[in-house]
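Starting from the known structure of chain A, fit chain B onto it as the hints suggest.
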Amino acid sequence: MLDATVLKQLTDIVGAENIATGAQDLICYGYDATQMEFLPDAVVHPDSAEQVSRILKLANEVKLPVFPRGAGSGFTGGALPKGGGIVLVTTRMNRILRIDIDNLVAEVEPGVVTEAFQMAVEKLGLFYPPDPASLKFSTLGGNVAECAGGPRAVKYGVTKDFVMGLEVVLPTGAIIRTGGETVKGVVGYDLTKLLCGSEGTLGVITKIIFKLLPYPDAKKTMLTVFDSIDGAARAVSTIIKNKIIPTTLEFMDHATLTCVERRFNLGMPDSARAVLLIEVDGDRDLIEKQAGEIHKLIEPLGLVQFRVAKDAAESEELWKVRRLVSPSLRDVNPDKFNEDIVVPRSKVPDVIRRIEVIQQRYDIPIVNFGHAGDGNIHVNIMIDKSVPGQLEKAHEAIKEVFQAALDLGGTMSGEHGVGLAKQPYIPMELNAEQITAMKAIKSALDPNNILNPGKMLP
Amino acid sequence: MTKKQTDPLERVAQDMKKCVKCGACRANCPAFSTFQREPATARGKVALAQHLAKGDITLDDGTYAAMSKCLLCGSCVDKCPNQVPTDEIVIAAREALAQRRGLTTFHKAVGQVIRNRKLMNFGALAAAVLGPIFFRKVPSTSGLRLRFPMPFLGGSRHVPQIAKKPFMKRHPEVIKGEPGKPTIVFFVGCMTNFVYTEIGEATLALFRHLGCTVIIPQGQQCCGLPGMSGGDLNTVRELAEQNLEALEKYPADYVMTACATCGGALHKLYPLVIGKRNPELKERLQALADRTVDAAVLLQKLGLHPEETGAAEGMRITYHDPCHHRTAGIAKQPRALLKETPGLELVEMEGADRCCGLGGTFNVYHYESSLDINAGKSAAIIETGADAVVTGCPGCIMQLSDGLKQAGDKTRVLHTVELLARKIRS
Chain A
1 MLDATVLKQL TDIVGAENIA TGAQDLICYG YDATQMEFLP DAVVHPDSAE QVSRILKLAN
61 EVKLPVFPRG AGSGFTGGAL PKGGGIVLVT TRMNRILRID IDNLVAEVEP GVVTEAFQMA
121 VEKLGLFYPP DPASLKFSTL GGNVAECAGG PRAVKYGVTK DFVMGLEVVL PTGAIIRTGG
181 ETVKGVVGYD LTKLLCGSEG TLGVITKIIF KLLPYPDAKK TMLTVFDSID GAARAVSTII
241 KNKIIPTTLE FMDHATLTCV ERRFNLGMPD SARAVLLIEV DGDRDLIEKQ AGEIHKLIEP
301 LGLVQFRVAK DAAESEELWK VRRLVSPSLR DVNPDKFNED IVVPRSKVPD VIRRIEVIQQ
361 RYDIPIVNFG HAGDGNIHVN IMIDKSVPGQ LEKAHEAIKE VFQAALDLGG TMSGEHGVGL
421 AKQPYIPMEL NAEQITAMKA IKSALDPNNI LNPGKMLP
Chain B
459 MTKKQTDPLE RVAQDMKKCV KCGACRANCP AFSTFQREPA TARGKVALAQ HLAKGDITLD
519 DGTYAAMSKC LLCGSCVDKC PNQVPTDEIV IAAREALAQR RGLTTFHKAV GQVIRNRKLM
579 NFGALAAAVL GPIFFRKVPS TSGLRLRFPM PFLGGSRHVP QIAKKPFMKR HPEVIKGEPG
639 KPTIVFFVGC MTNFVYTEIG EATLALFRHL GCTVIIPQGQ QCCGLPGMSG GDLNTVRELA
699 EQNLEALEKY PADYVMTACA TCGGALHKLY PLVIGKRNPE LKERLQALAD RTVDAAVLLQ
759 KLGLHPEETG AAEGMRITYH DPCHHRTAGI AKQPRALLKE TPGLELVEME GADRCCGLGG
819 TFNVYHYESS LDINAGKSAA IIETGADAVV TGCPGCIMQL SDGLKQAGDK TRVLHTVELL
879 ARKIRS
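These protein sequence lines map, in sequence, to chains A and B. Residues in the first sequence are numbered from 1 upward in steps of one, following this note's numbering. Residues in the second sequence are numbered from 459 upward in steps of one, following this note's numbering.
Isolated chain A (complex conformation) (with noise of 0.2 Å):
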């Protein structure tokens, strides 16, 4: 329960209509993607940098707890209220300010909707690439927190390659700008780096400049289909040592078709055992030249199947394989572990045979889909938590899950971030000193710990 008098100053910040304390609010602000619940003391709705900042400078008076929010649609509880304290949600800073022709730059504020974002650039000949899965509902702000991904990672990059600028609250009050409207600029730390992916922790983000491109002239989609996922993983290396960048390089593995199939009878090759959806954009010609040469390399690797869509309509057809993959899952069990580990995308069959091995160990359903172009694989561990133990083997099969992607060179998350899900294997990746570094960082922006405590560090 929040105490009256610090009630009543941020119904005087954010005006009565923007705040909530009702059990509805508190409930439905107390949850994300993670199926986590902690309640908050209360809700906020700011409108702006300066009311964000008198926010935060009250909360570091009366040692109040704030946990920035967008959609909530977060996969690691990044944005929950763990200990209670106040809910900061950023939707209604949801204006776009301008965009740039000249420069190819945007301005927008944090609780604009991705996909609102890039049409708007879209209908003025520009390209903001970013394409989380959530687009169409979760915001720039939060992608920027959590450096989204997306599946067009591997020739455009992911949201901080983006991101030239930011204004930011930080946990004391004060706003300032980070970056700016330039490509050079070389004056400081970095800190619009520091920010993006520090999920929450450093600063509420109140307006971003983002670099646009110019919107490809057209695009192709592939999808293609091989007897073994050594030879999709082998027609990633082979495209990419050929000097083609596709744009999307998204692989499906062989339990993930079998899902697939089972539930919408897709009619695959009984011989399908990996399907590479490839798509590559720009020039009209170059594309057509680049689909041809795509075809002539992987024609050798086991290729079983080659699609190639003619029109949009055809395109999405073949997207459809792989945006029926999340529905299809619950069929093998009702919940799931969705991890996000990288490795060297040439490591991708070798991680693949680790989780193999690991399924078969504790007995459970694994699923591997994701962005093979750039290493990103989402590992799907299928439980049924009302099965006695099963929890506690899904834990122990993460952990060995994330040590094989260590290993192998690569990361625990690749677009989902640590919040609450993945905090106690943070010591499996960092070492005691980089945490130490990344303590001091935060204690320094952040002296009373009041912005979204308890996240990320251990």
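A few of these clues could be false.
Unchecked claim - Once the Cα atoms are required to be at most 30 Å apart in a straight line, the calculated BS3-like pairs of lysine-lysine come out as:
#1 A:296 x A:136
#2 A:63 x A:207
#3 A:207 x A:193
#4 B:512 x A:310
#5 A:320 x B:707
#6 A:296 x A:219
#7 A:385 x B:734
#8 A:63 x A:123
#9 B:512 x A:82
#10 A:136 x B:476
#11 A:82 x B:734
#12 A:399 x A:442
#13 A:385 x B:623
#14 A:385 x B:537
#15 B:623 x B:537
#16 A:82 x A:123
Since the hints were made in silico from the structure, they are not lab data. On a predicted model such as this, the values are computed, not experimentally measured, just so you know.
The following block gives chain B in isolation, referenced to the frame of chain A:
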């Protein structure tokens, strides 16, 4: 009965577990689009229903208000990666709240009215006679016939005129067709019976044109959907039973509705919601559902040739998909008929399958939000430059007319059958 048997939330316990709170519903929910607060999303309502089921949420107005912020349009179910039936969960939660704290005064009144055809007939007569004295005329081209201020509903709402004589009172129960042609039982629905009688006349004309025998069982009642909106499942069950009696009385090839909402009730919600709660009615409701078909779908199936019936005038039109059509997979059939009609040019609007914002009693409870949802719809309609927006639901017609009028636009709002029947009726 034990609590376990009567608690509606028990029936959806497994369905609620399917929701992983991913947030995909934020992209598609019309209620969220206007309220912009998490309790209005599908996952929010599932979370609240889960807490309600556990008994750890106080039954204050907040829970009731959150559950009322749903149009039961089903768009969250369509787009949910796990196909969580949030519409069913919301219906169950509303029923549970109604059981625990009683119906609201408004929904009590709704239940009394829709259960009582005599009262409705009387009310309609009174409104038709007294209406013109109190209400201001608006141009007949607007699709609305009258306008009056209703302070308890919201300042400038445009409401259509009540018909002087209900549709069902104008016709005998059985209208004989040609031998060997199908027999069709017409489920008329309140809006068509009392307000948009033109829709009933057009439907009748089209099926008579095809030689069908049309039966209009006099014992039929309101489909009950307004009761479903308020969690008054007792009233819905009562009406479902009466409708079963009335519609089963005649052996017919089809039970036909020209109202997407009534169709949704008979075809989907009766077996799904009432059938689940009343096993003794389940089979009969399913049999009724299997025979129920929308007018446009049936016209196409029975081989109506729009190029023969034709349009009375050339017109540029756009088509709005009612939610109860979208969830039943009815989209191509009415468009095909309209496209084949000489003189009609169909232009698609953006978001043709997005909810118009009516949502049954949602429109009364949250009028401003309902209009807010409708504003996007009106803009999309106006953008097409169409002379008329066509749809298959009298409820949508009322809402679209109100929205367009509020936007100061003169686009006409018509039912598919009205356009299809124009020439044969002229």
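Structure-based check of all given hints:
1. A:296 x A:136: Violated, because 36 Å separates the two Cα atoms, which is more than 30 Å.
2. A:63 x A:207: Status holds; Cα separation ~26 Å.
3. A:207 x A:193: Distance ~15 Å between residue 207 of chain A and residue 193 of chain A Cα, so the pair holds.
4. B:512 x A:310: Between residue 512 of chain B and residue 310 of chain A the Cα gap is close to 53 Å, so the pair fails against 30 Å, i.e. violated.
5. A:320 x B:707: Violated, because 47 Å separates the two Cα atoms, which is more than 30 Å.
6. A:296 x A:219: 19 Å, holds
7. A:385 x B:734: 28 Å, holds
8. A:63 x A:123: At roughly 46 Å apart (the allowed maximum being 30 Å), residue 123 of chain A and residue 63 of chain A break the hint.
9. B:512 x A:82: 21 Å, holds
10. A:136 x B:476: 21 Å, holds
11. A:82 x B:734: 39 Å, violated
12. A:399 x A:442: With a Cα-Cα distance of about 26 Å, the restraint between residue 399 of chain A and residue 442 of chain A holds, given a limit of 30 Å.
13. A:385 x B:623: It is violated: about 61 Å lies between the C-alpha atoms, which goes past 30 Å.
14. A:385 x B:537: Since the Cα atoms of residue 385 of chain A and residue 537 of chain B sit roughly 26 Å apart, the hinted pair holds (cutoff 30 Å).
15. B:623 x B:537: Measuring from Cα to Cα gives roughly 42 Å; hence the hint is violated.
16. A:82 x A:123: Given pair residue 82 of chain A, residue 123 of chain A is violated - Cα atoms ~41 Å apart, limit 30 Å.
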